[in-house]
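Enquirer: Each chain, letter by letter, is given below.
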Amino acid sequence: MKFLVCISNVPDTTTKISFTDGKALNSTGVQFIINPYDEMALTRALEIKEAAGGTVTVINVGAANTEPTLRKALAIGADDAIRVNTEPTDAYLVAHQIAEVAKKNNYDVILTGRESIDYNSGQVATMLAEMLNLPCITVATKLEIASNEATLEREIDGGKEVLTSSLPFVASAQKGMAEPRIPNMRGIMAARTKPLQVLEATGDEKLTSSVAYELPPAKQAVKLISKDNVADLVNLLHTEAKVI
Amino acid sequence: MARADLYQHPDYYLMDELLTDEHKMIRDTARAWVKKEVSPIVEDACQKAEFPKQWIKGLAEIGAFGPYIPEEYGGPGLDQISYGLIMQELERGDSGLRSTASVQSSLVMFPIYTFGTEAQKKKYLPKLAKGELMGCFGLTEPDHGSNPSGMLSNIKDKGDHYILNGAKMWISNSPFADIAVVWAKDETSAIRGMIVERGMKGFTTPETHGKWSLRASATGELVFDNVIVPKENVFPDIKGLKGPLSCLNSARYGIAWGAIGAAMDCYDSALRYSKERVQFGKPIAGFQLTQKKLAEMITEITKAQMLTWRLGVLKNEHRATPAQISMAKRNNVHIALTIAREARQIHGGMGITGEYPIMRHMMNLESVITYEGTHDIHLLITGMDVTGIAAFE
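Line by line, the protein sequences are chains Y and C.
As numbered in the working numbering, residues 1 to 244 make up the first sequence, in order.
As numbered in the working numbering, residues 1001 to 1393 make up the second sequence, in order.
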């Protein structure tokens, strides 16, 4: 079984976000990690590989500064890594680059996270499936593969949905798919010599451009109104908050 | 009830840029393991004065046992900065946890690797690296602490073996250790090192109870009553105090890093608490006296980080002197203890409870400031180094 797991390089969840001139993330002192949803996908791929055999390749679209993140994926247990050397400026560009690699390599399963935790657009899995003309199951909480058929679960309103898919397919992972692992020292040592291939981007077409970033307004002070004073509350909701 | 571990490490001078990607991965691995396996149970373990044995396997997996021991002997073969970073992260969790790893690495694996025969290295090191064997180190005696050369433990040559007599005290890991690296005088009064195994007749390891410090780490004695030690268990060539002192150098180096971990945890907790705790209508972080404490803490942490990183570079180049290591151990443990006390004040009454790690770190550091060379002795080592005159004898 050949897995391709797409890895985004994202700021650690505890990062205090700021921007330089409202144009780009200020990355000074920011720690970058494997996007947590991607890590769940990677962990599930490794679990299936360890039980049933196969290979797990990780891929990232990004500049050279994302290599430590790929190296960590190798330390966790991926067999080899591919970095497509271009700035991941929009979801279409990322999906296109990954699709170009996938077309040449006959992967059985292509996994992504449900979304990256930096830009959160959650589009790569579906775009990728469309470009490759493959089935796509998004936001999956469970993945099993037996005799060339995959069974996946998704959470839906008030219950869960169980789906099957033929191979190959694309799926995006949601919390629940697997519990991420801490790499051990043997894995870190092995990662030193695992292959990390750098490919040049094929075209740099993108469909969207970011114009500016701004932080949400600072939290306002809370206005407390006594529970006996409903008239004031209604008045303020109407005139100040303008919600009724 | 264990609180959530919200730790974020302070890096005021962007010291991370001085580390390699592999250093950071090793550190982050140790940190992730501590958050997952240590933080949820450490408070309870300390309250019950128990060393959680399940930590041993995890410590081995993150490379905390003999990080710099080469791969041919089962170690990870890492550099000294990696070793330091692992110790920093472990002590961020708890000084007792770090002590267990320090002893195994610097006081058991280091002397076997440095002074042992090939057979001793092959027999013990791979199992020690995996945590299948745990070790302890016997130098300090009831009446000989800062002055180890006065030790009374002794060995007598009986042809194909030695007879070992004596007692060692304040021995981390002794109650559960499988082997002990023990230092004793031979008939010529030369200090010799040897590996004593649990099960040897006349060798017992009574536990020390009632500690107010390092409560999640087991401490005990080593008692030798006519123990037969085979000659193949003795280090062949090393004689004199330089044997045990070179082990202490390695351990003190790890402590210098470890103490920063404890200091950073106290600072991190105090900073967060001071921004959340509101008095007189604003967070206490907004008052000058709280800011003085926090500003001094981050200043001292930053200085200690730079000092220790530089020491690590020197150690990688085999240029770090024992006196330089003394300075770092003394400085870093002292600032960590001061920071723990200041952080305790910022936490107010909450600072004395197990809801926050402060009081535990503070009590632990009272041991760390004394063991592996006391605060005062390290000062006198610096004094001797700069004047050329020894003031402690």
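In short, the hints are calculated from the structure, not lab data.
Mixed in with the good hints there might be a few duds.
To be verified - Heads up, simulated DSS-like pairs for lysine-lysine below, C-alpha to C-alpha not over 30 Å straight-line:
#, chain 1, residue 1, chain 2, residue 2
1, C, LYS1293, Y, LYS219
2, Y, LYS49, C, LYS1201
3, C, LYS1156, C, LYS1057
4, Y, LYS194, C, LYS1303
5, C, LYS1275, C, LYS1292
6, C, LYS1292, C, LYS1303
7, Y, LYS219, C, LYS1292
8, C, LYS1121, C, LYS1053
9, C, LYS1201, C, LYS1185
10, Y, LYS194, C, LYS1242
11, C, LYS1201, C, LYS1156
12, C, LYS1239, C, LYS1275
13, Y, LYS142, Y, LYS219
14, C, LYS1121, Y, LYS16
15, C, LYS1211, Y, LYS16
16, C, LYS1282, C, LYS1130
17, C, LYS1239, Y, LYS16
18, Y, LYS142, C, LYS1035
19, C, LYS1211, C, LYS1201
20, Y, LYS16, C, LYS1024
21, Y, LYS49, C, LYS1024
22, C, LYS1057, C, LYS1122
23, C, LYS1282, C, LYS1293
24, C, LYS1057, C, LYS1036
25, Y, LYS223, C, LYS1211
26, Y, LYS194, C, LYS1036
27, Y, LYS194, C, LYS1293
28, C, LYS1130, C, LYS1156
29, C, LYS1122, C, LYS1035
30, C, LYS1035, C, LYS1130
31, C, LYS1123, Y, LYS175
32, Y, LYS223, C, LYS1275
33, C, LYS1156, Y, LYS175
34, Y, LYS206, Y, LYS2
35, Y, LYS2, Y, LYS194
36, C, LYS1122, Y, LYS219
Enquirer: Confirm or reject each hint.
Expert: Evaluated hints:
A C-alpha spacing of about 27 Å is found between LYS1293 (chain C) and LYS219 (chain Y), which places the hinted pair at or below 30 Å, so the restraint holds. For a cut-off of 30 Å, the pair hint linking LYS49 (chain Y) to LYS1201 (chain C) is broken: about 50 Å separates their Cα positions. Between the alpha carbons of LYS1156 (chain C) and LYS1057 (chain C) the distance comes to roughly 38 Å, so the proposed pair goes past 30 Å and is violated. A threshold of 30 Å between alpha carbons decides the hint, and for LYS194 (chain Y) with LYS1303 (chain C) the separation of about 37 Å lies outside it, so the pair is violated.
Between the alpha carbons of LYS1275 (chain C) and LYS1292 (chain C) the distance comes to roughly 14 Å, so the proposed pair stays at or under 30 Å and holds. For a cut-off of 30 Å, the pair hint linking LYS1292 (chain C) to LYS1303 (chain C) stands: about 16 Å separates their Cα positions. For the proposed pair LYS219 (chain Y) and LYS1292 (chain C), the alpha carbon gap of about 27 Å is at most 30 Å, so the pair holds. Our distance criterion of 30 Å between C-alpha atoms is met by LYS1121 (chain C) and LYS1053 (chain C), whose separation comes to about 25 Å.
A distance of roughly 20 Å separates the Cα atoms of LYS1201 (chain C) and LYS1185 (chain C); the hinted pair therefore holds under the 30 Å criterion. Restraint check for LYS194 (chain Y) and LYS1242 (chain C): the C-alpha separation of about 42 Å exceeds 30 Å, so the hint is violated. Simply put, LYS1201 (chain C) and LYS1156 (chain C) have alpha-carbon atoms about 16 Å apart, close enough for the 30 Å limit, and the pair holds. Restraint check: the Cα-Cα separation between LYS1239 (chain C) and LYS1275 (chain C) comes to about 56 Å, which exceeds 30 Å; the hinted pair is violated.
For the hint linking LYS142 (chain Y) to LYS219 (chain Y), the alpha-carbon distance of about 38 Å lies beyond 30 Å, and the restraint is violated. Between LYS1121 (chain C) and LYS16 (chain Y), the direct Cα distance comes to roughly 48 Å. Violation of the 30 Å bound is thereby established for this hinted pair. Taking the CA atoms of LYS1211 (chain C) and LYS16 (chain Y), the gap is near 41 Å; set against the 30 Å cutoff, the hint is violated. As the CA atoms of LYS1282 (chain C) and LYS1130 (chain C) are separated by approximately 51 Å, the hinted pair breaks the 30 Å bound.
A hinted pair counts as satisfied when its Cα atoms are at most 30 Å apart, and LYS1239 (chain C) with LYS16 (chain Y) does not qualify at roughly 55 Å. Distance restraint check for LYS142 (chain Y) and LYS1035 (chain C): the Cα-Cα separation of roughly 26 Å lies within the 30 Å cut-off, and the hinted pair is therefore satisfied. At most 30 Å may separate the alpha-carbon atoms for a hinted pair to count; LYS1211 (chain C) and LYS1201 (chain C) meet this at roughly 29 Å. Our distance criterion of 30 Å between C-alpha atoms is met by LYS16 (chain Y) and LYS1024 (chain C), whose separation comes to about 20 Å.
Distance hint between LYS49 (chain Y) and LYS1024 (chain C) is fulfilled; the C-alpha atoms sit about 27 Å from each other, no more than 30 Å. For the given pair, LYS1057 (chain C) sits about 20 Å from LYS1122 (chain C) by alpha-carbon distance, which is consistent with the 30 Å threshold. A threshold of 30 Å between alpha carbons decides the hint, and for LYS1282 (chain C) with LYS1293 (chain C) the separation of about 17 Å falls inside it, so the pair holds. For the proposed pair LYS1057 (chain C) and LYS1036 (chain C), the alpha carbon gap of about 14 Å is at most 30 Å, so the pair holds.
Distance check on the hinted pair: LYS223 (chain Y) and LYS1211 (chain C) sit about 51 Å apart at the alpha-carbon level, beyond 30 Å; violated. As the CA atoms of LYS194 (chain Y) and LYS1036 (chain C) are separated by approximately 27 Å, the hinted pair is consistent with the 30 Å bound. For the hint pairing LYS194 (chain Y) with LYS1293 (chain C), the CA-to-CA distance comes to about 47 Å; that exceeds 30 Å, so the pair is violated. Distance check on the hinted pair: LYS1130 (chain C) and LYS1156 (chain C) sit about 34 Å apart at the alpha-carbon level, beyond 30 Å; violated.
With a C-alpha separation of about 34 Å, the suggested pairing of LYS1122 (chain C) with LYS1035 (chain C) is violated against the 30 Å cut-off. With a C-alpha separation of about 21 Å, the suggested pair LYS1035 (chain C) and LYS1130 (chain C) falls inside the 30 Å cut-off, and the hint holds. Between LYS1123 (chain C) and LYS175 (chain Y) the alpha-carbon distance is near 45 Å, which puts this suggested pair outside the 30 Å criterion. The straight-line distance between the Cα atoms of LYS223 (chain Y) and LYS1275 (chain C) is roughly 21 Å, inside the 30 Å bound, and the hint therefore holds.
Of the supplied pair hints, the one linking LYS1156 (chain C) and LYS175 (chain Y) is violated, its CA atoms being roughly 65 Å apart against a limit of 30 Å. Taken as a hint, the LYS206 (chain Y) and LYS2 (chain Y) pair is honoured in the structure, with Cα atoms around 29 Å apart against an allowance of 30 Å. For the hint pairing LYS2 (chain Y) with LYS194 (chain Y), the CA-to-CA distance comes to about 17 Å; that is within 30 Å, so the pair holds. A hinted pair counts as satisfied when its Cα atoms are at most 30 Å apart, and LYS1122 (chain C) with LYS219 (chain Y) does not qualify at roughly 62 Å.
Of the hints listed earlier, those the structure fails to meet are numbers 2, 3, 4, 10, 12, 13, 14, 15, 16, 17, 25, 27, 28, 29, 31, 33, 36, in rising order.
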